[in-house]
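Q: So you can see what is in the structure, the chains are spelled out below.
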Amino acid sequence: RDVPEDTLNTQDTTPVVKKPWYETIQLRGYAQLRYNGLFETNPDLQCAQCDRSWGGDGGFSFRRIRMIFFGQIHERVYMYIQPDFASGGSNFAQIRDAYFDLGLDKKQEFRLRIGQSKVPFGFENLQSSQNRIPLDRNDGLNSAVANERDIGVMFYYAPTEIRKRFSRLVSSGLKGSGDYGMFGLGLYNGQTANAPEKNKSFHLVSRASYPWELPSGQIIETSFQAYTGKFVINRNPQTDFDQTEFAEHRYGPSLIIYPQPFGLQAEFNWGRGPEFNPETNSVEDAPLRGGYVMATYMLKSNTDIFIPFTRYHYYKGGKKHELDATRHRVNELEIGVEWQPHRTFELVAMYTISDRTFENSLNPDNRQKGSLLRLQAQVNF
Amino acid sequence: RDVPEDTLNTQDTTPVVKKPWYETIQLRGYAQLRYNGLFETNPDLQCAQCDRSWGGDGGFSFRRIRMIFFGQIHERVYMYIQPDFASGGSNFAQIRDAYFDLGLDKKQEFRLRIGQSKVPFGFENLQSSQNRIPLDRNDGLNSAVANERDIGVMFYYAPTEIRKRFSRLVSSGLKGSGDYGMFGLGLYNGQTANAPEKNKSFHLVSRASYPWELPSGQIIETSFQAYTGKFVINRNPQTDFDQTEFAEHRYGPSLIIYPQPFGLQAEFNWGRGPEFNPETNSVEDAPLRGGYVMATYMLKSNTDIFIPFTRYHYYKGGKKHELDATRHRVNELEIGVEWQPHRTFELVAMYTISDRTFENSLNPDNRQKGSLLRLQAQVNF
Amino acid sequence: RDVPEDTLNTQDTTPVVKKPWYETIQLRGYAQLRYNGLFETNPDLQCAQCDRSWGGDGGFSFRRIRMIFFGQIHERVYMYIQPDFASGGSNFAQIRDAYFDLGLDKKQEFRLRIGQSKVPFGFENLQSSQNRIPLDRNDGLNSAVANERDIGVMFYYAPTEIRKRFSRLVSSGLKGSGDYGMFGLGLYNGQTANAPEKNKSFHLVSRASYPWELPSGQIIETSFQAYTGKFVINRNPQTDFDQTEFAEHRYGPSLIIYPQPFGLQAEFNWGRGPEFNPETNSVEDAPLRGGYVMATYMLKSNTDIFIPFTRYHYYKGGKKHELDATRHRVNELEIGVEWQPHRTFELVAMYTISDRTFENSLNPDNRQKGSLLRLQAQVNF
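Chains as they are written, first to last, in my numbering: chain S, 1 to 381; chain B, 1001 to 1381; chain D, 2001 to 2381.
Derived from the structure by calculation, the hints contain no laboratory data. Here a beta-carbon is modelled for each residue, glycine too, at the ideal position from N, C-alpha and C. Warning: the hint list may mix true and false statements.
[Unchecked claim] Stretches of chain S that chain D covers, calculated by requiring three or more beta carbons in the stretch to come under 8 Å of a beta carbon on chain D:
hint : region
1    : 31-44
2    : 54-66
3    : 323-332
4    : 342-351
All chains should be modelled from the sequences, with the hints used to inform the complete structure.
A: Next up, the structure:
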């Protein structure tokens, strides 16, 4: 057992033949710099979950500064620790992922993932923001798991051939989700990432996904996912309330046609969960539903890549992780283009036409419509 | 003098023969994921200093996510910077260690350690949590220095032969404390790690330790340590109080018989310090005492290592770093086993039978008894 | 396009010939440990912007723990991400720099710098604290940009020959500012680093600088810089106030004679900005001015370097980033020496004689005079 030192070396040391640390652990990352202030018609049109610098006083802002320390630290153990350096409102470092994959068989087709990691619910939720084309995730499925992550134990299975296909869908630039298995099953706290548990009951999630490869080389991925659990909401302390714990569940399908060159992506989910009712000023168990459809086209010109896209998304339901399970009605259309002059730099311009209602006890009558141009520069390293 | 750049390289650069950064600075770390909710008989049985996720609402939690940047950055200077990424209640990154060893002689037998580092008081306090077998440190000695660390200047001396022995006690898997010298002497703020100083007086600590190597190869380490200083406590602001600064001192011995294969570990300390008195609702200077005894057995079976252990620990005194120098009476028995299938993964299951009194002005009558099973998965990288 | 994985490798992987990550991204850093308590004549003499551990209860403290991840990640893109691990009052990790240089031409003489980086206003502001001789920056120019940084887009131009000269002024140990171009022009939020924008108007900055190389090898750098914008101050909420947004502008020259062996450094700036008026208890638009002159001497003796120095600095104006745009009157004389036994360790002892007035609505009559000895150990890695 080789446990490293914590002080000055003594004069001579026995040479140990061991893989150096920098071949085991690797570092990569990306950063996203945004400007949301162009052609803005309504500064009260905002989306806290999407991007806090949208609306309000604007200016430049970092949406993400990610550094990922990862590597196969043992033939059976893979590590992935990803702090974000644009967190806490003032660019503090906070964990996003901190998980470890334990291979259960020699080929690692069966894996146990322990720690804080993405909850396998929705393709766009699982896809890295480094690869997603629109600036923010759709409200419909992202409202299921704020920050996409939670702490717990996940089980994933995929045969080697499918694992390679998932891997190729990312490395080829086709913007896959990464490898969350053909089948996944997980147990997690349910209060979302970096938040302490507030009840003693776990959430349970499951997902099946298959990337069909057609003879033409085209790949179509179809998935179905569902979760259930009990969530404890934050209520406005000035309000009379008794119930803070609510049962919730969601389920829905995903369809991804990878952009070779024309891509189509659609997801939807239905379910129930807590939602603020402005008429009674109380939070109630209510149905919810939402999703999106997105069309993309991959245009390669010399070394440049251009990806024009359009996405329409919709959500009707509460956001459990916001105050009083804020009531939402969202209809949003985006039209934009991503330009990649080379692999380290990407620029996205996206025109957003939006109609958002977000109501809680502090703001019980709040429907905001408007449009704006949003810009993002992303650097990959 | 070679000071690196802060921008794009100019077209050509003079080649400099220099050790690359990754051979000078190294990275390693570990993470601890816990679940404290099994067979819990009393959710009010808690220990804030041990593990905030013990008791209450439970769930999975990270106790530590540590990344250690370290290395011999000069023939006379060693660096050790260890942030924790599971801090601040929401997995923010916060410094644990940030120290630099300055070798005073060529053989580096005499060292000055500057910065934030462990206060040399107690073997278990000095031993890394990566190596400790029970999930948390004993209250008896850990109440001397919350988070084990402070900022200041420490002097350590050990001859090369003893330095190698200290080093071997860690690298061999025998779970030594690391090299804090045969003799240590330190001057530090005294308000514990990451807290600003609150008075102008330093704390003074000293420790002597010797690892006796028997002809059989067995190693027995005996130590004696003591510190003194003045500490400023936090009082409940709703309370009438005048005194917040208290003199404190502690002293005590350690005895470590390393597990080859049977191990025994015992420490105790006596002293005085501030303690809340629930009868008068005031904080008073009071005697304190506490310690533990632990038995372990190292079982090797093929590549697996199993270490069954039991520890009894006891504390009677105040915890100066908690509100009102919270009064504590602790009696705790732990029985468990650590399993190491390989060097990167460890699993500990530990059954805890506990009787804890922790009383301050918010909670002046609070004795909690109970038992629970605690689980920890640790990944070393 | 090569996007890395996020999980266990599948059994076999295609070998890709690519520069390993550790040759692209590099890590370096430094840490500053201070003790400000010797011969202190007035504990109420403080400077929040300089060093929060000056005055008050003192003790050891970390002023900076910096880790810099940097590198040429593409032939046209340079990355520089610098978190500080001594931030937020309790040694949390917070971003200082996070910028990316995009080379506009093949020789990278024209660069666009996007992200959070130093605002090119003042030589001492641009010079790294790793290289600065006095412990803190002068109030006169540093009050222009607290933490020296902001988020935005900067343009820099310098011909290759001058870029090399700027580079050499740092690498040779002459303590240059780094390469901020012969000409710089920038657009930034204006609320200073890690703070969200509070109005919709940008700040604009420009700077010209030229390092004249004399036939003797002596280098004299002359600069002129100016900025303008609108700043939103923090007012004491207990006060009656209506105006929080103020126009501000500053301009001024710099003169640097590099220490070969005698060095002289002088900067001054004039302008207008918000300032608290204790007589009316309101914040008003007011003139401001301030600067410094510093003399140094570089003494090399074997491998040791000693740099005795003295600096006088002066400021009369408000500090916009402090409560109520705190009114300042600063006269300070410092005499000290920096000792570098080798490139990884530096010790500075500095005697400070100071007369500081800092007044806002909480403390409308506050002039503090006194002197003290300040000590700093710096480790470079």
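Q: Indicate, hint by hint, whether the structure satisfies it.
A: Status of each hint after checking the structure:
Against chain D, the region 31-44 of chain S contributes 3 residues with a C-beta closer than 8 Å to a partner C-beta. That satisfies the three-residue criterion, and the hint holds. Counting residues of the region 54-66 of chain S whose C-beta lies closer than 8 Å to any C-beta of chain D gives 7; at least three are required, and the coverage claim holds. For a cut-off of 8 Å, the count of residues in the region 323-332 of chain S with a CB near a CB of chain D stands at 0, and the three-residue condition is violated. As drawn, the region 342-351 of chain S meets chain D at 4 residues by the rule of a beta-carbon pair under 8 Å; at three or more, the given contact holds.
The structure shown violates just one earlier hint, number 3.
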